[in-house]
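Could you build the full structure based on these sequences and the hints that come with them?
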Amino acid sequence: MAAISGGKNYHHGDLRNALICAAVDLATEGGPERVVLREAARRVGVSPTAAYRHFDGRGELLRTVRTHARCLLADAMEQAAGREPGADDPALAAERRLAALCRGYVGFAVDQPGLYRAAFCAPRPDGTPGPMPEGRAPEPEVRAFTLLRDALEGLARLGTSRPVVRPAAGAAAWSAVHGLSLLLLEGPFRRLPAQRRNAVVETTLAMVVSGTRAL
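For the sequence shown, the positions run 328 to 542 when the numbering used here is used.
FYI, nobody ran anything at the bench for these hints, they're computed from the structure. Where hints are given, some of them may not hold.
Unchecked claim - Using C-beta positions, here's what the derived DEER-type ranges look like: (1) Glu411 with Gly372: 38 to 44 Å; (2) Thr473 with Ala418: 17 to 23 Å; (3) Thr473 with Arg380: 32 to 38 Å; (4) Thr376 with Arg410: 43 to 49 Å; (5) Ala499 with Pro520: 25 to 31 Å; (6) Arg410 with Ala377: 39 to 45 Å; (7) Thr394 with Glu513: 18 to 24 Å; (8) Gly372 with Ala495: 47 to 53 Å; (9) Gln406 with Arg369: 29 to 35 Å; (10) Arg343 with Glu529: 39 to 45 Å.
Values in this document were obtained by computation on a predicted structure and should not be read as measured data. For every residue, glycine included, the Cβ atom is placed at its ideal position computed from N, Cα and C.
So this is what it looks like as structure tokens:
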């Protein structure tokens, strides 16, 4: 999704994008709980009434921020994969891409905790943020999952895993990086010094990659 940068630089005709940028800033600063339509309007310099012409309420604004945050997460993954050096061996190159995508996922969560939490919130009927419902299948617009799944399918085409287990493998890889991200943000791993944290991340990514060889 496209949005202008700098919600404070509002010009006539760009109010919706300006509100989105202000809301993304709020999520960056304090997570989905900070995303409030009135506060976004205040930052842009317009009345709440003007903001409500573009959004039905907090829930719609928060869902828009969630979509934007998911795009940024996937962009971070692709950027991490783009920085990964290639390899003459196609299988090794595919494994490195998978590891880099996972590294970009966890890195985004650690560097942008507010946006990361916004990416996986689910607005309640009153518009307040809540956790994603348990047992829900990956949503089509979650490009982060698609990137992981496609990387695993690339490995499968090279003969490193059995095609029959590919759907479960994608969910397993996502579970590993998502669970690790939450442990680093909200669990006991958040107190780890940087060196130990990096070791945990790299060991987890190695387990994800090595797990594909056993499928």
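Which earlier hints can't be squared with this structure? Checked against the structure, no hint fails, so every one of them is satisfied.
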